[in-house]
Amino acid sequence: MTQTIEHGISGHGNGVAGMHDDGPRLSGSALTLSYDKRVVAENLDVTIPGRSFTVIIGPNACGKSTLLRALARTLRPAAGTVLLDGRDITSLPARKVARTLGLLPQTSVAPDGITVAELVGRGRYPHQRLLRQWSADDERVVRESMEATGVADLAGRMVDELSGGQRQRVWIAMALAQETPLLLLDEPTTYLDIAHQIEVLDLCARLHEERGRTLVAVLHDLNHAARYATHLIAMRDGRVVAAGAPGEVMTADLVEEVFRLPCRVIDDPETGTPLVVPAARRRTESATR
Amino acid sequence: MPVRRIAGGMTPRLRAVAVGAGCLLLALVFGVLAVGGGDYPMSPSDVVRTVLGGGSPAEDFIVHELRLPRVVTALLVGAALALAGAVFQSLVRNPLGSPDLLGFTQGSAAGALLVVVTGGGSAALAGGAVLGGVVTGAVIYALAWRGGLHGHRLVLVGIGATAILTGVNGYLLTRGRLMEAARAMLWLTGSLDGRGWEDVLPLLVAMAVLAPVVLLGCARPLAITEMGDDLARGLGVRVQGLRLVLLGAAVLLTSLAAAAAGPVSFVALTAPHLARRMTRAPGPNLLAATCTGAALLTGADLAAQRLFAGHQLPVGVVTGVLGGGYLVWLLAAQRKAGRI
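Protein sequence lines, in the order shown, are assigned to chains P and G.
Per my numbering, the first sequence starts with residue 1, numbered consecutively.
Per my numbering, the second sequence starts with residue 1, numbered consecutively.
Calculated from the structure, these hints are not laboratory results.
On a predicted model such as this, the values are computed, not experimentally measured, just so you know.
Don't take every hint at face value.
Claimed, not checked - The calculated SDA-like cross-link candidates involving lysine to any residue, where the alpha carbons are at most 20 Å apart (straight line), are: (1) LYS96(P) - LEU242(G); (2) LYS37(P) - THR74(P); (3) LYS96(P) - GLN240(G); (4) LYS96(P) - GLN133(P); (5) LYS37(P) - ALA61(P); (6) LYS96(P) - GLY241(G); (7) LYS96(P) - ARG238(G); (8) LYS37(P) - ARG146(G); (9) LYS96(P) - GLN128(P); (10) LYS37(P) - ASP237(P); (11) LYS37(P) - LEU143(G); (12) LYS96(P) - VAL141(P); (13) LYS37(P) - LEU149(G); (14) LYS96(P) - LEU143(G); (15) LYS37(P) - HIS150(G).
Claimed, not checked - Far from chain P, some chain G residues (derived; all Cβ distances over 10 Å): (16) LEU24; (17) GLY37; (18) GLY53; (19) VAL139; (20) VAL157; (21) LEU173; (22) MET185; (23) THR189; (24) ASP193; (25) GLU198; (26) LEU204; (27) LEU216; (28) MET227; (29) LEU231; (30) GLY325; (31) ALA337.
What the hints assert, rightly or not - According to the in silico footprint, chain P covers these stretches of chain G (three or more CB under 8 Å from chain P): (32) 234-246; (33) 279-289; (34) 301-307.
Even glycine gets a Cβ: it sits at the ideal position worked out from N, Cα and C.
So here's chain G without its partners, still in its complex pose:
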């Protein structure tokens, strides 16, 4: 398609695929390093051999039961959060429109905290997170609906919901006993510690179903919708149907990611920005954002495990520091460039 090549260099689509592939490769390298580390160190080649089924029984157990679930969780949570973040940012046409700022994450947190305070187990906690996120999503959607869904209303209602839910969550924390409150705080920070296959399975299924729907079916109409509702309808996009599908998918992915790893901060906000800077392509850049998110969270978890010898950090601390730092750097760079 020479028309698209006029700008010079790679076509935007090829560039997006290259960025996606590069990030995925990076995520895999991080993953192999993460699986290889710990009390029983393994070389990268041993890790790959064991994953492919050629390890000793001990290695098999360590890799498949102890370490791989955590890496796969990081990979999927990062990808799901980034995809949801890119969708939200595009839907509300606001680069800050991530699920952390629109109330969906707080909804998941409220559901999870409710379970913790009432003394539920970890499976119930995950269920609470999903239910809280989905219910919050439905309420925000209903409140923001006015003969159709509009970005700015979603932002306003979402900010209101965030404020209310933050208050509710604070109250729930004070209601819990000390042990429960400590467990809740760890969950709220976002952690991948001790994740097993049963934690990751729901998210895996959701990603297997929703990622193709969103990436293949919705990316192009979503890019068109960014140019304005009327124009998109004129081009034959069913705008409201598209928004409903995308919002539903993004809320589900956010909730399931929170259920698997807690409300890991800043990945949903940062990954799409990073992806856009790398692809330099207009539009929501969903595929590149998804892969960037996977690399970001596997990398952050690797750092969380290795940064301080003998002392693991919750991954949410790393993503918070990295994401916040990136945002500040971005603002400073834009200021220098005279854009803000």
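If we strip away everything but chain P, and leave its shape as in the complex, we get:
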């Protein structure tokens, strides 16, 4: 896997071989995450390997989106710290973080009457100043981001006229225009049909492989997770149950433990990555219906 290093943060390429050993470092230690008084996770430790495509999986309400929000500093942990390149993320200036770490939230609202190009252009916000609002550089990055996501032809179209798949690619283009070495995506494939899901995931894989970006995504589909991730984090009840390469993590035992779903794990005939096949319902159970 060759990687062109576009956005490496200097001082961290320490020369150790292997694809997870450089790039920006994002980690959380002893995190307690809560909404008001409802505690979602306690004493959670997590590390996002540099230059990985990390995928977080887990059942509904296990805290995976909450963890992603904490890592993206949109949710302030009740306890513990999120470290970006070794420094407490809350102590860093908001704009500086926004030039290192981008977030595509699950739900975002496109303003009424905004064009694709304008929406993607808003990703340039952290790079702009009061007096230097739009530069040739911004222009180029916006164009490249739209080309990379295949929405350049839609540049002048209104966002609210687009299909769900097109819209999702526009949002990803906006996140790309932010030009951050780290990109966090919260369920980027939800609400998309299977073809669009694969399209979005292929795009993510390309960003990771060709542009050397570190990606962190929350995904629901285990087979997609196993196929695309270089690093997998499995969560249940606010705890990290397992973390590592998909081939090692994604076992029948783990899926049963995390999802309470009996299954078999076979090799994906297409890629050789783990493929989760849920067990058929028992005959007696279906007979009672």
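With chain P's structure known, arrange chain G on it following the hints.
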């Protein structure tokens, strides 16, 4: 920036500036006409000459002491209300989120009525309006706060505050003697009658300080925040700090506008809508809304003075009829277009 020009025609930003400039020009024309009218009519060129310092002593007095303060008050109150309205509508992500409907205006009214009932003068009345608005703003903010400020909570708390304060204001009106109650009613309608420089000065200072802060410093992050809190934070906007600054500025502007002219209705609600329709640009359109508000209120005051010969209307009557009519027309047009 060709990227933004792809949609064709003027860039959104240029369009917004053009709309703003156009409205400002319109406001000035209305202003000149208003200064020229009355028992001592003056031609527009005389008005301009006198304003620039070339008038006779009599003209000087009539323009600078009697008529200009009223026009400047209209200009500033319209601009302040519209700016505050555009900020509120964007903050609560609701096109109906104007200070009249969120309780802030009623707070100002309660403060002013309290002063009227206890027999205070006009300076005390203005002070009461400001204090009432600011205190109401602080209480609504505190009640709506829950680990951050969220639009829908602000709307709900604001509607509750409006209901309570409307009741309180009704009670205060019944407590006042007839003369006081009549004066209070006139104030509640919103009027620019007999305004002097001392009435407009606090608002002028507030606009000079707050308008640049809001228009230059906050417009872009506010537009980003309209796309969702998480996304805005991800782009480096300090969402809660921004909301606090904007809410504070909008409450101050609303209160000071009420202190200067009474709670003039519908300008804060209508001006941002008009501006958005004219600029056809996404986002809060703060600059265009501000200028639209200035034109709207100077125009409404001109109409209030001239519509019925020898009988002036309080400007709030005109803005109420115009604003309400516009809203009904808007609903009818949307219905025709099949949008609602």
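Violated constraints from the hint list, given by number and in increasing order: Violated hints (numbers, rising): 14, 27, 28, 29 and 34; every other hint is consistent with the structure.
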